[in-house]
Structure formats: structure tokens, C-alpha cells
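A.B. asks: Protein chains in written order, with my numbering: chain A, 1 to 33; chain B, 1 to 231.
All the given hints hold, so there is nothing to weed out.
Just so you have them, the derived chain A footprint on chain B, three or more residues with Cβ under 8 Å: (1) 4-10; (2) 24-38; (3) 95-105; (4) 199-213.
Please keep in mind that the hints were generated in silico from the structure rather than gathered at the bench. Glycine is no exception: its CB is placed at the ideal position from the N, C-alpha and C atoms.
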Amino acid sequence: MSYLIPAYLFAVALLGGYLVYSLRKLRELESKQ
Amino acid sequence: MNRYERWAAAAVALMLVAGAAIFFYAPTDYLQGPVQRIFYLHVSSAIAAYGCFAVVLVGGLIYLRNESAVADRFARAGALVGVIFTTVTLVMGMLWAKPIWGTFWTWDARLTSTLVLWIVYAGYLLVRRLAEPGRQAARLAAVVGIFGFVDVPIVHFSVTWWRTQHPGPIIVNDALPAQMLATFLFTMACTLVLAAVMVWIRYRIETLTDERLHVAEPVRMATSREPEPAQ
Numbered sequence: 001m002s003y004l005i006p007a008y009l010f011a012v013a014l015l016g017g018y019l020v021y022s023l024r025k026l027r028e029l030e031s032k033q
Numbered sequence: 001m002n003r004y005e006r007w008a009a010a011a012v013a014l015m016l017v018a019g020a021a022i023f024f025y026a027p028t029d030y031l032q033g034p035v036q037r038i039f040y041l042h043v044s045s046a047i048a049a050y051g052c053f054a055v056v057l058v059g060g061l062i063y064l065r066n067e068s069a070v071a072d073r074f075a076r077a078g079a080l081v082g083v084i085f086t087t088v089t090l091v092m093g094m095l096w097a098k099p100i101w102g103t104f105w106t107w108d109a110r111l112t113s114t115l116v117l118w119i120v121y122a123g124y125l126l127v128r129r130l131a132e133p134g135r136q137a138a139r140l141a142a143v144v145g146i147f148g149f150v151d152v153p154i155v156h157f158s159v160t161w162w163r164t165q166h167p168g169p170i171i172v173n174d175a176l177p178a179q180m181l182a183t184f185l186f187t188m189a190c191t192l193v194l195a196a197v198m199v200w201i202r203y204r205i206e207t208l209t210d211e212r213l214h215v216a217e218p219v220r221m222a223t224s225r226e227p228e229p230a231q
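Next up, chain A with everything else stripped away, as it sits in the complex (with noise of 0.2 Å):
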């Protein structure tokens, strides 16, 4: 169990970390248009 919930955490701080970082960086280049 010790590694399974860190294991967890960093699939989903990466993935949704890059998500919410995305969407972000695609707003503020589609105000800039």
C-alpha cells in the first residue's frame, strides 16, 4: 500500500498538472488571436 498511493499521486499530478497547464497556455494564445 505505501507505494501504491505515491504511485497514484504522481500519475496524477503529472498528467493532471500538464492537462490544466494545456488548457491555460491554450486560452491565453487563443486571447492573444
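Fit chain B to the supplied structure of chain A, relying on the hints for placement.
C.D. replies: Below, chain B alone, put in the same frame as chain A:
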């Protein structure tokens, strides 16, 4: 909320359902215990990464054939998202390996070839970042992306071609109980949807970035030009 955000929200909702299936529906493995639940996203991420690198391969081939900017942007998007999913695969695998093998890392064929895959496509991204945007960088990156894909079947079949610490194929050998198989297939489908949405969003970012560069370039050239000599 624009259409990209709606698709992203749908993909996140699917992943939450997959997470519920992984933690509450799939049975606990008798031998490994709860840590075996890493399997579902670890393998799904690897398959999503293969898909992303296939996009880089096809994009690179199309670019070399007809210099399609659309193909090049899809290749760039696929490489970035593929590296992210490969990172998830590697790190989750290491965290699974520690309690089962007693070590985070071993230089067996599967782990080493996966690390090489990560390095090749990280190199692809580095080429795109460091080289001046244009035809030459796109052609060089296309070649890296095409040759880099050679490593994908090596990663996939390494567990059957060589003796490895990493376990061999269990899906095709019917080694999973029905509930585990259903959870895995559902998680894989959700992960592929998430990867597709991420590539689509990145493609849009690359398109808008290219459009901005093409607008900015003539202005930069005009301001840096030497003044005309007086007649």
C-alpha cells in the same frame, strides 16, 4: 468553457471512473497485495505512449513526403504527450518494482529499452526546442521520430525476446481474472481517450504558436534590416 475544456473535463471524468474501478472494483491480488493495482495505469500509460509515438511516426513520414505543416504539428504534439505517458510508465513501474523486486531499477531489457524510448523522444523535443523553427528542424525531427519508433516494438517484445526481470505478457496469455481484465480494458480505453484529448489540445497550441511566429517573423526581419544607402 470552450470545446477543448469540455473534452478535457470528459476525459478527466472517465479517468475518475477508471480510478474508482481500480481501487473499488478490481480484486486485490493474492500474491502481491494492493500494490498490484499499479498495473492498471502503468500498462495503460505504456500503450498510450505507443499510440502517441505512432502519431510521431506517421506525422514524420507525411512531413517528409509532402512537408505538411499539419503533420509536423501532430508529430510535435504526439512526442510531448508520449514522453509524459512514458514518464508515468517508468515512475509507476519503479514504485511497483521496489516492494516486489526489492529495488527501484534493474537494467533488464524491458526497463532499459523503455528508458531509451524516453531519451529518444526527449531528444526529439530538445531538437524542436533548440533548433530554429523551420523546414530543417522539422525534417531532422521527423527523421529522429521515425527512427525512434524502431524502439517501440523492441520495448514491447523485449519480455519475449530476452530473459527479463519484468514479467512477460499476461493479457494475451489469459492470465488475468475477469474482473481484473475488465478493469484493465476500461482503464486502457479511458487512458487512450485522455491521451487523444491531450494530443488534440497540444496540436491546437502548436497551430496557434506557428501562426504567431509567422506573423512576428516579417516584423523582426524588417526591423533588423540595414538602412538603405542614400541615393
